[in-house]
Amino acid sequence: MGNSAIALGAMCAGVNMVCGYPGTPSSEIIETIYKFKVPGLHLEWSVNEKAAMEVAAAGAYAGARTLVTMKQVGLNVASDPLMSLAYVGVKGGMVIVSADDPGPISSQTEQDTRRFGDFARLPVFDPSTPDEAFSMIQEAFDYSEKYNTPVLFRPVTRVCHAYTAITFDENFQPKNYEGFVKDSKKWVIFPRLSFANHKMMEERLPVIGKDFSNNKANLCEGNGKKAVFACGVSWAYAKESFCEFKDVKLVKIGTPFPFPHDFALNVLKDVDEVLVLEELSPYVEESLLKLCGQKKLSVKIYGKLTGNAPHSGELSTDSTRSLIKKFVTGEADCGCGASGDLPELPVRPPVLCAGCPHRASFYAVKQAMKGKKAFFCGDIGCYTLGNAMPLDMCDTCLCMGAGITMAQGFYHMEKDAACFSFTGDSTFFASGMTGVANAIFNEANMTLCILDNSTTAMTGHQPHPGTGKNMMGNIVEKISIENVLRGLGVKEIRRVNPFELDKAVETVKEVSAMEGVKAILFESPCIALYKCEQKMSVNTDKCIGCKKCIREIGCPAISFENGKAVIDQNLCYGCNLCAQLCPVDAINFIGK
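Residue 10 is where the sequence shown starts when you use our numbering, and the numbers rise one by one after that.
The hints are simulated quantities; they were obtained by calculation from the structure and are not laboratory data. If you're wondering where the values come from, they're calculated on a predicted model, not measured in any experiment. Among the hints, erroneous ones may be present.
Simulated crosslink set (DSSO-like; lysine-lysine; CA at most 27 Å straight-line) [to be verified]:
hint	residue 1	residue 2
1	Lys334	Lys219
2	Lys557	Lys518
3	Lys381	Lys424
4	Lys278	Lys225
5	Lys512	Lys375
6	Lys219	Lys304
7	Lys375	Lys335
8	Lys208	Lys191
9	Lys309	Lys424
10	Lys500	Lys512
11	Lys375	Lys544
12	Lys155	Lys234
13	Lys478	Lys512
14	Lys258	Lys208
My request is simple: use the sequences and hints to build the entire structure.
Encoded structure:
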C-alpha cells in the first residue's frame, strides 16, 4: 500500500530515526518499518505528535536522517516545535509526513497541509501515486539536506491506502552521520537568530522554487490553448480520462510550495484558459492567479474560486472526468460512465463493536445519571461512537484531550450540572495529563472517566506507555494511569470492570456525588486482544419481545426476528451486558 511505499522509500534513503503518533491515514508507515527490524534504526510510537517532532529534531541536529509521521490534525499538535524548526533548520534530512484526509473519512477537519507549508515556509511534496511516493520521499530527504530545512510530505488518504508493486533493495543501510556538534549560535533559538534566519528563509524560497521548476514531479503533456493543472492524487484521477480529450494540456504539480513559477509560466504563456483540479483548498489555483497577476498574463483561471470545482470532499476519476469534459467541450457529463447507472450505496455509519467495553462504560454512566442534569464530554477514539443512538453519551467532541478540559468549562459555567469526561488510555497519555493538572489547579468539580482497553484501538492497536511494550520490540515498565492521576493530585480514584454492570453503576453514583476532581478507571481489554470463549444466546420461550436489549445498548450482534431477539453468533463476543439488562432472564451463555 502507499504507506508501505513511503516506509520503504524512507528506509532506502537511509533513515536513522522514525517517530510518530498513530492516526489514519498514516499509521501503516511505522508499522511497515517495524516489520523489517533494520539494525541501527530507532523506531518509536511517541506519546503524541509534538513529542515525535522534538525527538526527531534532535536526531536531525546530529546529522541523522529522521522521519516523523502523523495525520493532518496531528500537525496542529506538532506545530509549536515545527514553526521554530523552520527557523533553526536541520543538519540531517528531516521529512515530516502529514497525511491529509479529504472527505473527511476519519478526521475532524479537511485541513490542507500545503497551507501549513506556506505558513511555516517549508517545502511541500505532494505525491500522486504510491509509486511516486516511494521515489519522492527519497528525494525529499535530499532536498532537506541540500537546503538544511525540514520538508513536509503530503500524501492523501487515497495515496496512503492505494496499492501498487514496487522493486527495491532490501539491504537497508541507515546513513552514517557526524553526530551533534555544539553551536549555541545555531541551535539555540533567540529573537536575534530568528530575525536573521527569517530573512534567510524568505531569500531561499525563490531558489527552491526554481529548483522545483526542474523537478520531475512537475510535468506537462498534451497540446492546446486550454490546460488542466492538477495537484497530487487529483492528477492521477485526471490522467485516467485525459486520453478522451483533444487540444488540452494536462499539467502536474507535485511540489506545490514554494510554487514552481518558472515551470508554470512556461505552460501559461501558450494557453488562454486553465482548470485547476486539487483536493481541499484552492492552493494551486491561488498560486496561478497571483502568478498571472504579477506577470500580467490574460489567462482565465477556473477552479474552486469560480465554482468550477468543489470546495470540499474528495475528487474521483468520475468527477474529474466530468469537470474536464465541461471545461474542454462546454458540455455537462451525462453521468453514464462505468458507475453512472449504479444505485447509491447504503449508508453504514460506524458503530462500537459487539462486546466493546466502551458500550458498557457509557451505559453504566447513563444509568447512574438518569434524570439528572449532566454533560458528557467525549474525545478522539473508538469511544467517540458513544454519541450514536441509543447510547447518546457524547455531547461534545473537539480534539484529542479536549474532553477533560471542556468538562471543566461546563462546570465553571453551569455548577448545577454533573460534568463527565470520557478519555481513552492512549489519549490520556497523548494529551490528557495537562487537562487533569488544569482541573486540579483551577478547582473544577468533574468526573474523569478513563476508558482503558489496553491499546490504541481505533488506529490499529498500536502500543502506548501503558501497554508495556514499545516499537523497538522491548518490554518496558508499564506506566500506571492510576499512579499518574495520584501524582497529579486526584485523590479519589476507583477501578471497575464495566461489564459488572450493577457495580459499575453504583460506582458512578458514589464517585460523581463527591466534590472536586475524581476519576473512574473502566478497565476491560478491547475484543481484538483476546479470543472469544463464550457466546450469548436468546431463549425464545422466555423472550417477551420487549426490545430492551436493542433499545438500550445498540449492540450490532442483536437483531429482532419473528417478534423475538436474536443474537448473531458471528458477531457476539459473550460480554454478557445484554443478559444483565434483560428483564425476564431470557439471555444467557450458550449451554447454560
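Tested hints:
no. : hint             : verdict
1   : Lys334 to Lys219 : violated, 32 Å
2   : Lys557 to Lys518 : holds, 22 Å
3   : Lys381 to Lys424 : holds, 13 Å
4   : Lys278 to Lys225 : holds, 20 Å
5   : Lys512 to Lys375 : holds, 14 Å
6   : Lys219 to Lys304 : holds, 16 Å
7   : Lys375 to Lys335 : violated, 53 Å
8   : Lys208 to Lys191 : holds, 23 Å
9   : Lys309 to Lys424 : violated, 58 Å
10  : Lys500 to Lys512 : holds, 20 Å
11  : Lys375 to Lys544 : holds, 25 Å
12  : Lys155 to Lys234 : violated, 37 Å
13  : Lys478 to Lys512 : violated, 31 Å
14  : Lys258 to Lys208 : violated, 37 Å
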